[in-house]
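Protein sequences, first through last, are from chains L and C. Start counting at 1 in the first sequence, then tack on 407, and there's your number in the numbering used here. Start counting at 1 in the second sequence, then tack on 10, and there's your number in the numbering used here.
Hints in this document: simulated from the structure, not taken from any laboratory. Heads up, some of the hints might be wrong.
Derived pair list, reagent style BS3-like, types lysine-lysine, alpha-carbon separation capped at 30 Å [what the hints assert, rightly or not]:
#1 C:K138 / L:K515
#2 L:K484 / C:K138
#3 L:K527 / C:K56
#4 L:K431 / C:K56
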Amino acid sequence: MANHYTSQNPAPRLPPEVLIQVFKHLQPEWILYTLPLDLLAVSLVCREWQAVTESLFGRMFDNLFARCRYDIHEFEKLLRFFRISRECGLDYCHRITRITICTSQFSKQKKSGGWTHNQKAENLFVHLFSICPNLQRVEIDAIDVYHKRRFKDLQRFYTRILPFCTKVTDFVLENDIDHPEKVYTHLFLAGLANTLHSIRLYEAKHTTAILRTLSSCRHIRSFESRYCDDRLATAIPSWPNLRTFRVAQSPSLSFSSKNLDSVIVQLATSCPRLTNLELSAGAAGCRSRPVVRNHLPSNAALCLLAFRCRRLKTVRLHQNPKLTDAFLRVLALTAPRLRVLELEECQALTGEDVVPAWPCLTSLGLRGCYGVGMAFVEKLIAACPKLREITAPFEPYSEAFQAMTERLRKLGFVAVDKRQLEWRRKIDDDVEEQEEEEMIEVGGDGGEAVDDGLVLGWLRKIKEEAGTNLNNISEWEEDEDRNGMESEEEEEEEEIDEESDHPEDFLF
Amino acid sequence: MSDPANITLVTMDGTTFTVPSAYLHRSKLVQDWLRSEGDKQAMEVKHVTPFVLQGVLNFCEIHAEDTSEPLADPADPTKPFEADPRDDAFRGMPDDQLLQFTMAADILQIPELVRLTAQEMASRIDGKSPDQIRAMFNPDDLAEEDVDSDNEMGEVGEEGAISK
């Protein structure tokens, strides 16, 4: 039967609920690593279809390039769709805040079998950067960069995209172990220095050029790396606004034999706004290799940091046998805002004589801290009304373990894993965040008076431990003395003035 | 209800179809109607042409004996859908018919047919440009200004070259 549409019998217009059924088949979740070209195409068909696809986009534009296994033709098509969207007044490229580039996309196979640079791909990427005015995050996965020829290509690419990265605040560099200088990553970083808030250098070594560039990034709030050595200490004084310092040192990476004390001391002196401190042992997959522990910072340095950085909210320290109860005691005095305390496999800890004072603590991790007794855990639960998660310190199936499981059950915790190491409880958390903030105001001044002698004691100890590495310590001591005489002012949550000639004045 | 074993459906132009009720056990619309107004003579299926209803009933007949669980979500994105060779005839139809079948599947609320047609539409959209899709499925142009929607629909329907 033929179908002739007339004004009485129009071509059916599918209602939104049917269109959704159709569009959901366009980008099924089991298909990964492709650009959502079909979804974009239907969104450009008509207004109605656009409205329907909008509900399916979700965070699509943020993650558009995260799965970077697409071919160059798809990429070209994507750029074409962006152009159409601009013509329709939709301007999809304005919604792109994040671009991920895998450098292997710049290589193409020659007919003779070798690999060569794909100039077209480079041009397309540069074009993409040029049409995305709201770009905030650039991620570069630098794989396959082994030949001199490729260094130059990448360098040229960096130079070309830099002018379009004026709003970029986040930079991530993955896999670039040995070549950060050869491919001029540091120059790219230097170009972003004025705007960067967050840097993740996964496996890039801290070479002199990289360190110099890091020092020029004065607005850094978050630094993450899988590699860290003592030389980083030279860059940290330039980061007065640092909030997050996260190092997941992978044991498979070679590093300097010196420990990270100088880094920790620098953090303590230069970054009073530090809220997250995480030093973990990197990917579990590397466990088979001998764990190198030389780099672990000493207890004294960590105590100093806890004493100086009084806004700590998250502390994660893994596999540090040097860590002692003294650290917990300092933290109890100086970290009223602490929410997450995770000290895995720190076997020197016992928790005896520690009086926990972390009213905001929600998560406690003590996995593998076999020295810690149930008395400490109970003290903590009593002192921390918001505690929701506990990872128990005990050897499973030991006597202490049995006693603890009973105790935790009585206190309303439920085991969430089979080995009964992780426990959770529900808490009616009606307390407004604001109240919380007010409540912890006390911290600042009250704690100041604790005992400067104590600090100087630690310092001396650090000096002994670290020898002459810490030439900045004496400066810091002077600093401390001067501050001791001045009235201590702390500005709440205010940015350190960018124009200030003496940002140090704002510290403690 | 005159004959509980059969059900009579009336399309928009008055054509009637009488089929065994069992054919339509997957249609939520029909099941609801049987529960609430099953004593009436015939069920009206508005907005569906005789041709399309015939096709839908064919589909229902083919699948009347199926024992699979009723489909909860026709667009379940978690698992790939395996094509049933018995449905090949439905996959071969022209675009405009496919559109009508999709519509009818939605009206009669037969999730299995919704999945079939939606999937088929999706596979035809696959790899096409917005222009090509517009030519196939013919909705209003995105760039056009909003006109009175009733007129718009009619006009577009008339001129729309239903290609393929």
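Each hint, compared with the structure:
Straight-line distance between C-alpha atoms of K138 (chain C) and K515 (chain L) comes to about 26 Å, which keeps the hinted pair within the 30 Å bound. Proximity of K484 (chain L) to K138 (chain C) is assessed by CA-CA distance (about 10 Å); at most 30 Å being required, the pair is judged to hold. Restraint check for K527 (chain L) and K56 (chain C): not satisfied, since their Cα atoms lie roughly 55 Å apart, outside the 30 Å limit. Using a Cα cut-off of 30 Å, the hinted pair K431 (chain L) and K56 (chain C) holds, with the two alpha carbons roughly 27 Å apart.
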